[in-house]
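Number of protein chains: 2
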Amino acid sequence: MFENDNKILLTEDEMPTQWYNILPDLPEPMAPPLHPGTMQPATAEDFAPLFPMALIEQEMSQERFIDIPGEVLDVYKLWRPSPLFRARRLEKLLDTPAKIYYKYEGVSPAGSHKPNTAVPQAYYNYKEGIKKLTTETGAGQWGTSLAFACSQFGMECEIWQVAASYRSKPYRKTMMEIYGGILHPSPSDRTEYGRSLLAEDPNHPGSLGIAISEAVGEAAANPEARYALGSVLNHVLMHQTIIGEEALLQLAKVGETPDVLVGCTGGGSNFGGLAFPFLREKMAGKMNPTIRCVEPSACPTLTLGEFRYDFGDTAGMTPLMKMHTLGHDFIPDTIHAGGLRYHGMAPLVSHLYELGMVEAINIPQTECFEGALKFARTEGIVPAPEPTHAIAAAIREALACKESGEEKVILTALCGHGHLDLAAYENFLAGQMVDADLEQSVIDKSMETVPNL
Amino acid sequence: MFENDNKILLTEDEMPTQWYNILPDLPEPMAPPLHPGTMQPATAEDFAPLFPMALIEQEMSQERFIDIPGEVLDVYKLWRPSPLFRARRLEKLLDTPAKIYYKYEGVSPAGSHKPNTAVPQAYYNYKEGIKKLTTETGAGQWGTSLAFACSQFGMECEIWQVAASYRSKPYRKTMMEIYGGILHPSPSDRTEYGRSLLAEDPNHPGSLGIAISEAVGEAAANPEARYALGSVLNHVLMHQTIIGEEALLQLAKVGETPDVLVGCTGGGSNFGGLAFPFLREKMAGKMNPTIRCVEPSACPTLTLGEFRYDFGDTAGMTPLMKMHTLGHDFIPDTIHAGGLRYHGMAPLVSHLYELGMVEAINIPQTECFEGALKFARTEGIVPAPEPTHAIAAAIREALACKESGEEKVILTALCGHGHLDLAAYENFLAGQMVDADLEQSVIDKSMETVPNL
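Those protein sequences? They're chains A and B, same order as listed.
To convert, note that position 311 of the first sequence is 311 in this note's numbering; the numbers rise steadily by one, no gaps.
To convert, note that position 303 of the second sequence is 1303 in this note's numbering; the numbers rise steadily by one, no gaps.
Worth flagging that the hints you see were computed from the coordinates, not collected in a lab.
All clues stand as given, with none of them false.
Heads up, simulated SDA-like pairs for lysine to any residue below, C-alpha to C-alpha not over 20 Å straight-line:
1. B/K1007 <-> A/E71
2. A/K99 <-> B/K1077
3. B/K1077 <-> A/E91
4. B/K1253 <-> A/D13
5. A/K169 <-> B/L1429
6. A/K253 <-> B/L1010
7. B/K1131 <-> A/T378
8. B/K1077 <-> A/N4
9. B/K1077 <-> A/D5
10. A/K77 <-> B/L1093
11. A/K77 <-> B/F1002
12. A/K7 <-> B/E1012
13. B/K1374 <-> A/G180
14. A/K169 <-> B/K1169
15. A/K77 <-> B/K1092
16. A/K7 <-> B/T1017
17. B/K1007 <-> A/T11
18. A/K253 <-> B/K1077
19. A/K77 <-> B/K1007
20. B/K1099 <-> A/D74
21. A/K77 <-> B/E1003
22. B/K1092 <-> A/G154
23. A/K77 <-> B/K1099
24. A/K253 <-> A/P289
25. B/K1374 <-> A/E177
26. A/K7 <-> B/K1007
Produce the entire structure from the sequences given, and follow the hints as far as they go.
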């Protein structure tokens, strides 16, 4: 019934009720996280001050499928299942024989894929009696999502937002406050680490790594509070697999399997959420898609970073994880895709990349915004800066098909809308956007502080 | 299959393929528009410099149903059918036995119901060889929608935006430019009328009436251009009936008919779009809902305005229409619902109100934003300031049901999201929002310039 449609829909009854955990399917196990004090493998107890037991168990679980709790399904159903679109008008503009499908996560209340993990994270904490969640946010997508999730379970949500974003994006702050979130610019005077940075520079612009240090510090100091991370960790990526599970069902409705899957990568959760269920089908021999990460040229974690143990934050308070990293001191050029500026890549995505199970490319932001304008003027939706990278990669593929005449099926995720990122488009339309020219020496320098393990 | 769901969906195949024209079903005919020069009933030829013939015919058509062209259906399908939501979490918060359903139009690319008419207006002009559409916009919802629609048919779109909004809402401007729109602040130096106002006051804040005068002036002077209006006119309201037709099908899927229908009214198109198909069913004796307009206390066109012939614009260039008006010179207090600040009400809605077929109330904006916060923290979606009026009215109804114990079915339309109106929420959350206290003398004064017909 959907063959000629733009949108392939699922009913709430058809929504998957389990997340997919790729850990037991890995051909080689991942390197364990290390305790930042002892540099020995971290135990579940080491994580207990920061996360509820249910999430710590998920982080290292060997169950292939994990039931989504009913209370989480109920909240998901405010916007899920999300639509899978066929980009017919974009295909026509590109004059390509390829078929482009995109899974659209901008229909969530927060406007991105982030609530897929914010809701279960809030839920598991709530079930274990936790009253408050702390977190960091850069552009604000994650903070908005966690504030929304906490509002659904009557919990407090305290957010450290990178000061530069806090000052330049007042509307993101408002969005978080609408959902009842309590915000601080980071560095803040609420934590010792923050105060030390403000003493050096009262106008410190902050960074995601610094904001993580502050949010982790507050959670560790308050027994009724825990910390929530919006990407990078195994359980976060697992919660996002609802995206790929739905997309599998939706493509089956039109009898398609993807030849190429492209997803933008910042911390890795949007990519993992879409890709892992397809990777499972590929490992099972049911399809054979090329699976490709797309990162910004200004923060090329996979393509130019090293696979090393590094800290998740700037202050070195988190466990060390073996991942692709540019060094925990790395602060990328100011690009507009705020969600793709993290110094590391999810250990799970890094591991798969090392095993050759996924590919990676980087794309400069002006090419991304050129693609986004083509997309908006045909498909209508104005993409967030992060998925413009996925769109640009899909357009490259579609144009290659035009050359070769191949009728490939291209699948990507449009992980959010750009309604709160219009300053980026203003900049691009005014011809003022430039591509950062990242020198290898900058990466080399920030790698110097990474422990030699 | 949808009884326990939050969202009642239709497939693209189930989307209605006709608009409903209420004109032939009116128990009494409407008063005709008058030519602004002769004060005699205006003819189709009088409208020809401004609108294409297809739309002029629709404006006075006596056909009950009009086929939606295939090219328009194709564009609608980028986001339509739109979902009908059951507000289960809001009901629970209010502890009401009532059922609240809302039809959500924020899923459109422009984020509101406006593309429902922008797309056919662009299409009919395109079919008649027109190269450019001109229009006015206040907050920017309509300008965004028309720019999007023009992008779908390769047409130019020139927009005069009320200067105060142009200066205070830069992101709306960006949104229009993403779709290729060309913007001017109004008053502008592009028209004689604009220049005359700027000579008086170089920082003139503008008004919707002034912007209409400028856009109409440009269209009248350019044979390859026509003008497009986003509300008020009969054909505009008719294009919006796709909302109500879908809602009828969706409620039928769960076996419900509404007891109360509430919709916010600015020019009247969102209200008419939702209400007219239900009014048809009511006239046919198939259901008996109370149907109620909700307007802001600061711009109470139906509840405090007079039913008189008045101009549609400030300069007196448009035909006169018999409608509820506060006087074409009326400029309401700065409230946040930019789409509900027009001095008049659609002649068709005004006529139905005079016949007693629809009711009207007005609500102050702080009550609306209190309702919007309740809504966002339960249902997730952050509403645009305009539909907060409909939400506040629905909450009033639901709380009355709590008192009476009645299990009423309440239907409303959430005609857009508030992602580009977060300054309004910022103001409210900071405790700085006040309710305008509109004196009768202000209305009396602006009514003095209305012709005595």
